[in-house]
Amino acid sequence: GAGVSQSPSNKVTEKGKDVELRCDPISGHTALYWYRQSLGQGLEFLIYFQGNSAPDKSGLPSDRFSAERTGGSVSTLTIQRTQQEDSAVYLCASSLSGRWETQYFGPGTRLLVL
Amino acid sequence: GQNIDQPTEMTATEGAIVQINCTYQTSGFNGLFWYQQHAGEAPTFLSYNVLDGLEEKGRFSSFLSRSKGYSYLLLKELQMKDSASYLCAFYNQGGKLIFGQGTELSVKP
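Each protein sequence line maps, in turn, to chains A and B.
Residues in the first sequence are numbered consecutively from 1, following this note's numbering.
Residues in the second sequence are numbered consecutively from 1, following this note's numbering.
Mixed in with the good hints there might be a few duds.
Stated by the list, open to error - Here are the simulated DSBU-like cross-link-like pairs (lysine-lysine), alpha carbons at most 35 Å apart as the crow flies:
#1 Lys-68/B <-> Lys-96/B
#2 Lys-17/A <-> Lys-81/B
#3 Lys-15/A <-> Lys-96/B
#4 Lys-57/B <-> Lys-68/B
#5 Lys-68/B <-> Lys-11/A
#6 Lys-76/B <-> Lys-96/B
#7 Lys-108/B <-> Lys-11/A
#8 Lys-57/A <-> Lys-11/A
#9 Lys-81/B <-> Lys-68/B
#10 Lys-57/B <-> Lys-96/B
#11 Lys-108/B <-> Lys-81/B
#12 Lys-57/A <-> Lys-108/B
#13 Lys-57/B <-> Lys-108/B
#14 Lys-81/B <-> Lys-57/B
#15 Lys-11/A <-> Lys-96/B
#16 Lys-96/B <-> Lys-57/A
#17 Lys-108/B <-> Lys-76/B
#18 Lys-57/A <-> Lys-17/A
#19 Lys-57/B <-> Lys-76/B
#20 Lys-108/B <-> Lys-68/B
#21 Lys-81/B <-> Lys-96/B
Stated by the list, open to error - Chain A residues, not near chain B, derived (Cβ > 10 Å throughout):
#22 Ile-26
#23 Thr-30
#24 Gly-51
#25 Asp-56
#26 Arg-64
#27 Ser-87
#28 Thr-102
The hints are simulated quantities; they were obtained by calculation from the structure and are not laboratory data.
Backbone N, C-alpha and C fix where the C-beta goes; we use that ideal spot for every residue, glycine too.
Kindly generate the complete structure, drawing on both the sequences and the hints.
Given below as C-alpha cells:
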C-alpha cells in the first residue's frame with residue numbers, strides 16, 4: 001500500500017478483555033516497529049520485527065503483551081486481560097530493510113480501556 | 001544513560017521564524033530525526049541528520065552538533081498549518097529510536 005495502515009482506528013474495551021491491533025506496513029518494508037503513546041508522553045518503543053522474527057522485544061511492558069508477524073508483512077499486537085493503564089495510542093511504523101533507517105508511521109489505534 | 005530533552009510548548013506568529021531545540025545524551029549515536037505530528041494523526045518524517053551541520057528542506061531546516069549533543073529544527077515563514085507537535089528522536093547504539101516528549105507549537109495569526 002501507499003502507507004502504513006492500522007486497524008481499528010479506535011477501540012473501546014472493558015477491563016479484563018483481550019484486544020488485537022493490526023498493522024499493515026508499507027509494501028516491501030521488512031522492518032516493523034510497535035510504539036505506545038500515552039497522553040502527554042513521548043513514543044515508547046515496544047517491539048521490533050525483522051521479517052517474521054522479533055530480535056528486540058525489550059519494550060513490551062508485561063507478559064500480557066505479545067506480537068507476531070506473518071508472511072513478513074502484517075503484524076498483530078495482542079493485549080490480554082487489558083487494564084486501564086493500557087489506554088493509549090498504539091502506533092506502528094515500518095522501514096525499508098532494518099534499523100538505522102527512517103521509520104514511517106501509521107495513523108495509530110486509540111485504545112480506551114474502561 | 002540516554003535521554004533527550006526538548007521544550008514542552010512554544011508559541012509563534014504566522015509568517016515568523018521559530019527554532020525548536022533538542023538536546024540528547026547517549027553513549028552511541030546513529031542519527032537524529034525530526035517528526036511532525038498533528039493532533040490525532042501519525043508522526044510524519046521531516047528530516048534526518050547524521051553529520052554535523054545544517055540540512056535545508058524548503059521552509060524547514062535541521063541542524064546537528066554531535067559534539068554538543070544538540071539539534072534544532074528551524075521553521076521559516078510560519079503558517080497556521082504548522083501548529084503541531086514536533087518530535088526529536090535519535091537512534092541509540094542498540095538500534096532503538098528514542099523519542100523526546102515533543103514540542104507543541106502553536107502558530108497565532
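Results of checking the hints against the structure:
1. Lys-68/B <-> Lys-96/B: Since the Cα atoms of Lys-68/B and Lys-96/B sit roughly 21 Å apart, the hinted pair holds (cutoff 35 Å).
2. Lys-17/A <-> Lys-81/B: violated (39 Å)
3. Lys-15/A <-> Lys-96/B: holds (31 Å)
4. Lys-57/B <-> Lys-68/B: holds (23 Å)
5. Lys-68/B <-> Lys-11/A: Violated, at roughly 43 Å.
6. Lys-76/B <-> Lys-96/B: holds (31 Å)
7. Lys-108/B <-> Lys-11/A: The given pair, whose Cα atoms are some 34 Å apart, holds under the 35 Å limit.
8. Lys-57/A <-> Lys-11/A: holds (24 Å)
9. Lys-81/B <-> Lys-68/B: Within the cut-off at roughly 31 Å; holds.
10. Lys-57/B <-> Lys-96/B: holds (26 Å)
11. Lys-108/B <-> Lys-81/B: holds (10 Å)
12. Lys-57/A <-> Lys-108/B: violated (42 Å)
13. Lys-57/B <-> Lys-108/B: Given pair Lys-57/B, Lys-108/B holds - Cα atoms ~23 Å apart, limit 35 Å.
14. Lys-81/B <-> Lys-57/B: The given pair, whose Cα atoms are some 17 Å apart, holds under the 35 Å limit.
15. Lys-11/A <-> Lys-96/B: The given pair, whose Cα atoms are some 27 Å apart, holds under the 35 Å limit.
16. Lys-96/B <-> Lys-57/A: holds (11 Å)
17. Lys-108/B <-> Lys-76/B: Given that 35 Å is the threshold and the Cα spacing comes to 14 Å, the pair holds.
18. Lys-57/A <-> Lys-17/A: Holds: Lys-57/A and Lys-17/A sit about 23 Å apart, inside 35 Å.
19. Lys-57/B <-> Lys-76/B: At roughly 11 Å apart (the allowed maximum being 35 Å), Lys-76/B and Lys-57/B satisfy the hint.
20. Lys-108/B <-> Lys-68/B: holds (32 Å)
21. Lys-81/B <-> Lys-96/B: OK: Lys-81/B and Lys-96/B at ~30 Å, within 35 Å.
22. Ile-26: The claim stands: Ile-26/A keeps its Cβ more than 10 Å from every Cβ of chain B (closest is about 12 Å).
23. Thr-30: holds (14 Å)
24. Gly-51: holds (15 Å)
25. Asp-56: violated (7 Å)
26. Arg-64: holds (22 Å)
27. Ser-87: holds (15 Å)
28. Thr-102: violated (5 Å)
Against the hints set out earlier in the document, violations occur for numbers 2, 5, 12, 25, 28.
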